[in-house]
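Chemist: Keeping their order, the protein sequence lines are chains A and B. Everything in the first sequence is counted per this note's numbering, starting at 13 for the first residue and increasing by one. Everything in the second sequence is counted per this note's numbering, starting at 21 for the first residue and increasing by one.
FYI, nobody ran anything at the bench for these hints, they're computed from the structure.
Okay, the calculated bits of chain A under chain B, using three or more residues with CB under 8 Å as the criterion:
hint, region
1, 45 to 56
2, 143 to 153
3, 289 to 302
4, 715 to 721
A short list of chain A residues far from chain B (calculated; beta carbon distances all over 10 Å):
hint, residue
5, GLY17
6, ALA223
7, ALA250
8, HIS253
9, SER459
10, ALA592
11, HIS690
In this text, a Cβ means the ideal position worked out from N, Cα and C, and glycines have one as well.
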Amino acid sequence: MSDTGIGKSVKRREDLRFITGRGRYTDDVNRPNQVYAVFLRSPYPRARIVSIDASGADEVAGVIGVFTGKDLSADKIGDLPCGWMVKSKDGSDMKIAPHPPLAVEVVNYVGEPYGIVVAESLAAARDGAEVVATEFEELTPTVSVANATAGAQLHTNVPDNVCYLWELGDADATNAAFAAAAHVTKLTFSNNRLIPNAMEPRAAVASFDAATEEFTLVTTSQNPHLERLILSAFVQLAPEHKLRVIAPDVGGGFGSKIFVYAEETAVAWAARRVGRPVKWTADRSESFLADAHGRDHLTTAELALDGDGLFQGLRVRTRANLGAYLSTFASSVPTYLYGTLLAGQYRTPAIHVEVEGVYTNTAPVDAYRGAGRPEATYVVERLVETAARELKVDPAALRRRNFIAPDQFPYQTPVALEYDTGNYEASLAAALEKSDYANFAARKAASEQRGKRRGIGFSCYIEACGLAPSQLAIQLGAGVGLYESGEVRVNPTGNVTVFTGSHSHGQGHETTFAQVVSDKLGIPFENVEVVHGDTGRVEFGLGTYGSRSIAVGGSALVKATDKIIAKGKRIAAHMMDTNADSVDFSDGEFAARDSNQKLTFGEVAFAAYVPSNYPSSEEPGLSEKAFYDPKNFTFPAGTHIAEVEIDPETGVVDVVNFVAVDDFGRVINPMIVEGQVHGGIAQGIGQALLEHGIYDDGGQLITGSYMDYCMPRADDLPSFDVDMTVTPCTHNPLGVKGCGEAGAIGAPAAIMNAVTDALGVVDLPMPATPERVWRAARG
Amino acid sequence: MQQTGEYRIGVPRDAVWTALNDPDVLARCIEGCQSMVRTADDAFAASVKAKVGPVSATFQADLTLTDICPPASYTLNANVKGGAAGFGKGVARVSLVPEGTTATLLRYQVEGQVGGKLAQVGQRLIDAATRKMADDFFAKFGDDLAPGISEKIVTEPAATEKSGRYVIWVIVFLVLIMAIVLAS
Numbered sequence: 013m014s015d016t017g018i019g020k021s022v023k024r025r026e027d028l029r030f031i032t033g034r035g036r037y038t039d040d041v042n043r044p045n046q047v048y049a050v051f052l053r054s055p056y057p058r059a060r061i062v063s064i065d066a067s068g069a070d071e072v073a074g075v076i077g078v079f080t081g082k083d084l085s086a087d088k089i090g091d092l093p094c095g096w097m098v099k100s101k102d103g104s105d106m107k108i109a110p111h112p113p114l115a116v117e118v119v120n121y122v123g124e125p126y127g128i129v130v131a132e133s134l135a136a137a138r139d140g141a142e143v144v145a146t147e148f149e150e151l152t153p154t155v156s157v158a159n160a161t162a163g164a165q166l167h168t169n170v171p172d173n174v175c176y177l178w179e180l181g182d183a184d185a186t187n188a189a190f191a192a193a194a195h196v197t198k199l200t201f202s203n204n205r206l207i208p209n210a211m212e213p214r215a216a217v218a219s220f221d222a223a224t225e226e227f228t229l230v231t232t233s234q235n236p237h238l239e240r241l242i243l244s245a246f247v248q249l250a251p252e253h254k255l256r257v258i259a260p261d262v263g264g265g266f267g268s269k270i271f272v273y274a275e276e277t278a279v280a281w282a283a284r285r286v287g288r289p290v291k292w293t294a295d296r297s298e299s300f301l302a303d304a305h306g307r308d309h310l311t312t313a314e315l316a317l318d319g320d321g322l323f324q325g326l327r328v329r330t331r332a333n334l335g336a337y338l339s340t341f342a343s344s345v346p347t348y349l350y351g352t353l354l355a356g357q358y359r360t361p362a363i364h365v366e367v368e369g370v371y372t373n374t375a376p377v378d379a380y381r382g383a384g385r386p387e388a389t390y391v392v393e394r395l396v397e398t399a400a401r402e403l404k405v406d407p408a409a410l411r412r413r414n415f416i417a418p419d420q421f422p423y424q425t426p427v428a429l430e431y432d433t434g435n436y437e438a439s440l441a442a443a444l445e446k447s448d449y450a451n452f453a454a455r456k457a458a459s460e461q462r463g464k465r466r467g468i469g470f471s472c473y474i475e476a477c478g479l480a481p482s483q484l485a486i487q488l489g490a491g492v493g494l495y496e497s498g499e500v501r502v503n504p505t506g507n508v509t510v511f512t513g514s515h516s517h518g519q520g521h522e523t524t525f526a527q528v529v530s531d532k533l534g535i536p537f538e539n540v541e542v543v544h545g546d547t548g549r550v551e552f553g554l555g556t557y558g559s560r561s562i563a564v565g566g567s568a569l570v571k572a573t574d575k576i577i578a579k580g581k582r583i584a585a586h587m588m589d590t591n592a593d594s595v596d597f598s599d600g601e602f603a604a605r606d607s608n609q610k611l612t613f614g615e616v617a618f619a620a621y622v623p624s625n626y627p628s629s630e631e632p633g634l635s636e637k638a639f640y641d642p643k644n645f646t647f648p649a650g651t652h653i654a655e656v657e658i659d660p661e662t663g664v665v666d667v668v669n670f671v672a673v674d675d676f677g678r679v680i681n682p683m684i685v686e687g688q689v690h691g692g693i694a695q696g697i698g699q700a701l702l703e704h705g706i707y708d709d710g711g712q713l714i715t716g717s718y719m720d721y722c723m724p725r726a727d728d729l730p731s732f733d734v735d736m737t738v739t740p741c742t743h744n745p746l747g748v749k750g751c752g753e754a755g756a757i758g759a760p761a762a763i764m765n766a767v768t769d770a771l772g773v774v775d776l777p778m779p780a781t782p783e784r785v786w787r788a789a790r791g
Numbered sequence: 021m022q023q024t025g026e027y028r029i030g031v032p033r034d035a036v037w038t039a040l041n042d043p044d045v046l047a048r049c050i051e052g053c054q055s056m057v058r059t060a061d062d063a064f065a066a067s068v069k070a071k072v073g074p075v076s077a078t079f080q081a082d083l084t085l086t087d088i089c090p091p092a093s094y095t096l097n098a099n100v101k102g103g104a105a106g107f108g109k110g111v112a113r114v115s116l117v118p119e120g121t122t123a124t125l126l127r128y129q130v131e132g133q134v135g136g137k138l139a140q141v142g143q144r145l146i147d148a149a150t151r152k153m154a155d156d157f158f159a160k161f162g163d164d165l166a167p168g169i170s171e172k173i174v175t176e177p178a179a180t181e182k183s184g185r186y187v188i189w190v191i192v193f194l195v196l197i198m199a200i201v202l203a204s
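Only chain A is shown next, with the shape it has when bound in the complex:
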């Protein structure tokens, strides 16, 4: 086995260009004759646009034009759609608020764009934007999630600001379980609003070729084909074959770059309008205001247990803040990506969840690393830990008692999912061992000696990755399929160009996917190039989100590679004068079983393109495509254990140890997987201890810069202790599950369980800031 094959920690080939400043991001792209865009944004959370006087801007040297929502609608630019139709429990469709790319009559959140200023330079565009005189008539905003249904109505078609009231599970069975319960644990908590903060802000460079009527949009997208599809089919910017979307190097997404936003749309439109390429790069303030935010739930959750501590029922009521408009996948996050995960790792027989999605005058809320699953894990794992404390049972023992056992898979949960495989006991046991749980009491006592309070917290999470299968998802309201495409193009000299519909924005696909293909074809890793992120080069794709790339995109490549090998065998059989069934392929060689003849992969590739000794039944060339539609989700799971030490005098929480034992199935590149886990845990700890997107009562975002929005930094984090157990996925060819979000899913509950353990309190809202912890420590 080569040292670059599946399972090897190959160094990321893309890192050389990233760390030497040679990455090519959207803002690095410049077009001849290009002009610059700056957006006019609402300073009010809710206001009527009375008038926009751009005469001042027209006098600023270099300003080419100021355009508004009326200009876009005059050009028949459509609304930004939401890609998942969620139905309320009464069967009615969710209420979709019209979402024009640029607000036309009413603005609904601070930072909402209502105009675009295009100028010869960025400075001129800014100067122009400065002097546009817009008269607003302020309207009463609805800001708080708690009071959303009683507040002023945002949209005329949405009574009480309720987008949907969705349910999942069996209400009667669940209520019966509670009626018969020996013990009920109940918690009410919030899941704090987060702002994604990708290192690279969103950006777009659009050009329009008047001769061919083709648009080229270079933009920070996690899924350029989806962007093209939506801009064509819904926004009506241009037909799909006249629109090329390129997502070059992208500096982090965490979900926030899945969505089709107003700015990219308006910039593309403006390129046609002014007849010159238009460039826009968000500044950090704009990212805070106008990137889709994450989380923001209010939840009451109850767990019913019988006399033996077995979970009998789970009842969850959540109000989810959707923001002012539905972002591209906003509706699905607090429903199908949340309610379906509430079984966790447990055999809870009856579960019922109700989710009320509400509109408020805040930025749209959509998927952010984990998307629904961190919220679900938080509900389940905070409840389970609290139940253990109330019953004075060891939290690990209570979990063990309720785990789905390895021999119970496939396991049908009461909330729609069928887990294919898992071994929860294995990861818990490994995590207990690594965290030295047995000696925790001694460490706690030692902390107390020093005037500190020590706590330990568990989180046995499950996630569902590689959202699938398409047919089921579409039945449940998804507007797109959930497959992935892959193409393996063998060049005449035997090296390979791989095209994937997945997109890498930090995940290292150029390395991982090359490992998979080179391993399967038995050719050197260096001979495989991975192309992604360009609708002009890659046939189709649904992009990267929900930890789906290796499970879905990787599987598509395996499928295409299998076709290459099959065709290679037919060609080799002809060349070796045997039949394809008698040809074996391994380590890059085709071998005839009935003779000593062998052909290298390169020889067969060359023959395919220079077909002299070639089967007449075969087309020349060696290039294969595949679409892979998974049969089921994958279900990564694991145990995270956090240990914290709190200084009651300052309220500072020191995360002294963090153990993560994850089961991602087979692992292609352990180093990359570990890196993904590290990043996820950092973001999870960020949510638990530091990050909070806050709007004041008046609807102003008061955590709109790094002065007020606290990101996790290296000195907030311990050296993570990461390990893996392996239970291969049963239904994809690589046995992989996905690892991108696990850290962010598992960590918040582990940290908050540890913090509440240390403080001896039932609950504390996230983030557990020093002030909150200090107050709690004082009782």
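Fit chain B to the supplied structure of chain A, relying on the hints for placement.
Modeler: Just chain B now, kept in the frame of chain A:
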């Protein structure tokens, strides 16, 4: 945002009142004021270039006076628009108390709110910035009317300083006692 302040101006109350109602005096005294015009008996419109932390812009202010009791007090209602920089709204209650026949005590109490970029990145800075703007204004205003004999009356900061000193003496005292106990 809430703020109060107090200034002693070295001219009689009537003169202060007249000056407060004179757009030219106001324009001279507001840092960055580009224009100040009376739009009605009880209203002014001003254009002021100002900087709050990283936010710099030209603000258009509509000022309306209500509850006018010459020459003792009025309420100033301000509606300030900064375009891309955001907006501010505020109400200032201003009262003038004669100090003998030669000086006047000016007290103000402001309540305000900001929005847009000012709120987003300037929230932490807004108190300090408006305090500085008020100080600058009254310093200039006092100098304009009575050069050299007006002053800001620093009440709260002085009090803090005093109690601070007090705390230090308590600590010194405790340390001394501890030293005596340990020595004995």
